[in-house]
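A.B. asks: Each chain, written out:
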Amino acid sequence: MQRNPYIYILIMFAVSYLIRVLPLTLIRRQIKNRTIRSFLYYVPYVTLSVMTFPAIMNATNSPVAGLLSLAAGIVLAWLGAGLFPVAITCSAVVFIMSFVL
Amino acid sequence: MRTKETNRTWFRRGLKNGIPIGLGYLAVSFALGIAAKQAGLTAFQATLASMLCNASAGEFAGFTVIASNAPYMQMAVITLIINARYLLMSAALSQKIPEDLPFYHRLGMGYFVTDEIFGAAVSVEGQLNPFYQYGLAASSLSQWALGTCLGVLVGNVLPERLVTALSVLLYGMFIAIIIPPARKSRAVFGLVAASFAASYACSVLPVISSLSEGNRIILLTVALSLAAAVLFPIADEEA
Numbered sequence: 001m002q003r004n005p006y007i008y009i010l011i012m013f014a015v016s017y018l019i020r021v022l023p024l025t026l027i028r029r030q031i032k033n034r035t036i037r038s039f040l041y042y043v044p045y046v047t048l049s050v051m052t053f054p055a056i057m058n059a060t061n062s063p064v065a066g067l068l069s070l071a072a073g074i075v076l077a078w079l080g081a082g083l084f085p086v087a088i089t090c091s092a093v094v095f096i097m098s099f100v101l
Numbered sequence: 001m002r003t004k005e006t007n008r009t010w011f012r013r014g015l016k017n018g019i020p021i022g023l024g025y026l027a028v029s030f031a032l033g034i035a036a037k038q039a040g041l042t043a044f045q046a047t048l049a050s051m052l053c054n055a056s057a058g059e060f061a062g063f064t065v066i067a068s069n070a071p072y073m074q075m076a077v078i079t080l081i082i083n084a085r086y087l088l089m090s091a092a093l094s095q096k097i098p099e100d101l102p103f104y105h106r107l108g109m110g111y112f113v114t115d116e117i118f119g120a121a122v123s124v125e126g127q128l129n130p131f132y133q134y135g136l137a138a139s140s141l142s143q144w145a146l147g148t149c150l151g152v153l154v155g156n157v158l159p160e161r162l163v164t165a166l167s168v169l170l171y172g173m174f175i176a177i178i179i180p181p182a183r184k185s186r187a188v189f190g191l192v193a194a195s196f197a198a199s200y201a202c203s204v205l206p207v208i209s210s211l212s213e214g215n216r217i218i219l220l221t222v223a224l225s226l227a228a229a230v231l232f233p234i235a236d237e238e239a
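Heads up: the protein sequence lines correspond to chains A and B, in order. The first sequence begins at 1 in my numbering and counts up one residue at a time. The second sequence begins at 1 in my numbering and counts up one residue at a time.
Bound conformation, chain A alone (with noise of 0.2 angstroms):
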C-alpha cells in the first residue's frame, strides 16, 4: 500500500510544532532555581558549538577547507566583527579553498 504524502507531512509539522511550542507556552514564568536557569543559560553554547565542530569538517569538500573556515570565522568573531561578516568570511575560505586543495 503507497501510503499518504500529505499524512506524512502533517505528522511531521504536528510532532515538530509540539516540541517547540510546548515549552513557551508551559513555561509562563521565570525560572527562580539556579541550577535550572544556569543549564538553560549554557544549553545554546553546547548545542551550537557542538553542531559546528566536526560538521565544518564534512560539509566542505576537505576537512582541511572546514577547518581554515572555522579558524578564520574564530578569529574574526573574536575581534568583534559581527554576524554577516564572520558568515560570509567562513563562506569565502571555503570557495578559495576548493580551487586551492
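Possibly wrong hints are sitting among the right ones.
Calculated cross-link-like contacts (lysine-lysine; reagent style DSS-like; alpha-carbon spacing at most 27 angstroms) [what the hints assert, rightly or not]:
#: 1; chain 1: B; residue 1: K16; chain 2: B; residue 2: K184
#: 2; chain 1: B; residue 1: K96; chain 2: B; residue 2: K184
#: 3; chain 1: A; residue 1: K32; chain 2: B; residue 2: K184
#: 4; chain 1: A; residue 1: K32; chain 2: B; residue 2: K96
#: 5; chain 1: B; residue 1: K96; chain 2: B; residue 2: K4
#: 6; chain 1: B; residue 1: K4; chain 2: B; residue 2: K16
Facing chain B, from chain A, some residues (calculated, C-beta under 10 angstroms) [claimed, not checked]:
#: 7; residue: Q2
#: 8; residue: F13
#: 9; residue: I19
#: 10; residue: N61
#: 11; residue: V64
#: 12; residue: G66
#: 13; residue: G82
#: 14; residue: A87
#: 15; residue: I96
#: 16; residue: S98
Worth flagging that the hints you see were computed from the coordinates, not collected in a lab. Idealized CB from N, CA, C, for every residue including glycine.
Mind docking chain B on chain A? Use the hints.
C.D. replies: Then chain B, alone, in the frame of chain A:
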C-alpha cells in the same frame, strides 16, 4: 514597554540579521529539495513540508521515511527524536521573553524556532521581543521554502563548490554567536572548547558515533550544560 515603535525596530533588525541565515538556508534547502524529489514528492508537497516544519535534519529524515513508505508511527518517532533539541531551545527562549507575553505570541514564536533563529534570538541582550524573531523568520524561512521548491524543480544547476561554500554560512553564523560571549566569560570559553572536543570524540568513538547526529546533539547538550550549570552557576543578573 512594548510599543509599536520598538516592535517595528525589532522587526527591522530581525529582517536584516536574518539575511545571512536566509542565504545559508537557500543553499541547504536546495539540497533538501533534491532529497524530496528523490523521495517522490512534488514541488508543492516539498515546499509545503518546509513551510510547515522549518527543520533541516528533521525534514531530511522525514523524506527518507516517505521514500521507504514506512509506517506513519515511524515518522512521528523519528521527527520527535531528531527535533527534540528544539524542546531545550524553546525552554531557554521561555526565559528570555516577558512573563506577561500574550499566548498568541508564544504560539507564533514556537513556530519559528530553528537552530539559527534560536541562536540569533537568544544572543539578544536582555529580554527578547517576539518581533525580532518574526523579522528573523521572515527573511530567512522564506528562503528555506524557496530553496526547497527550487531544489525539486531545477536540481543540480548550481556548481557544487558554490553550494558547498554557501552551506558553510550557517556554521559561520554559529561561530559568530558563540565566540563573543566566550571571549567575555571564561566559563563559556571552557564550555565551547569542551563541546568541540566532546563532539569530535563522539563522532569517532565506537557505539556513540553510531547514534544519529540529532541524538548526539541532545546527549552532549544535556550532559555538558548540566556539568557547566553545577560547576559554574550563573550570577543572578545573567540570562
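A.B. asks: Quick one, is the A87(A) hint okay against chain B at 10 angstroms, beta carbons?
C.D. replies: Check passed: Cβ of A87(A) comes within 4 angstroms of chain B, closer than 10 angstroms.
A.B. asks: Are I96(A) and chain B close enough, Cβ to Cβ, to be under 10 angstroms, as the hint says?
C.D. replies: holds, 9 angstroms
A.B. asks: Given the hinted pair K16(B) and K184(B), is their Cα-Cα distance within 27 angstroms?
C.D. replies: With Cα atoms ~25 angstroms apart, K16(B) and K184(B) stay inside 27 angstroms; holds.
A.B. asks: K96(B) and K184(B): Cα distance at most 27 angstroms?
C.D. replies: Within the cut-off at roughly 20 angstroms; holds.
A.B. asks: Taking the closest Cβ pair, is I19(A) under 10 angstroms from chain B?
C.D. replies: holds, 5 angstroms
A.B. asks: What's the verdict on K32(A) and K184(B), does the C-alpha distance respect the 27 angstroms limit or exceed it?
C.D. replies: Holds. K32(A) to K184(B) sits at ~24 angstroms (cutoff 27 angstroms).
A.B. asks: Could you grab the alpha-carbon distance between K32(A) and K96(B) and see if it respects the 27 angstroms cut-off?
C.D. replies: holds, 13 angstroms
A.B. asks: Quick check on Q2(A) please, does its C-beta sit within 10 angstroms of some C-beta on chain B?
C.D. replies: holds, 6 angstroms
A.B. asks: Compare the distance between the alpha carbons of K96(B) and K4(B) with 27 angstroms, and conclude whether the hinted pair is satisfied.
C.D. replies: Roughly 20 angstroms between the alpha carbons, so the hint for K96(B) and K4(B) holds.
A.B. asks: Classify the hint on G66(A) as holds or violated, based on whether any CB of chain B lies nearer than 10 angstroms to its CB.
C.D. replies: Constraint on G66(A) satisfied, holds at 8 angstroms.
A.B. asks: Double-check V64(A) for me: the hint is only fine if its C-beta lies closer than 10 angstroms to a C-beta in chain B.
C.D. replies: violated, 13 angstroms
A.B. asks: Checking hints one by one. Is N61(A) an interface residue toward chain B, by the C-beta closer than 10 angstroms rule?
C.D. replies: Since chain B brings a Cβ to about 6 angstroms from N61(A), closer than 10 angstroms, the hint holds.
Hint 11 from the list above is the single one not met by this structure.
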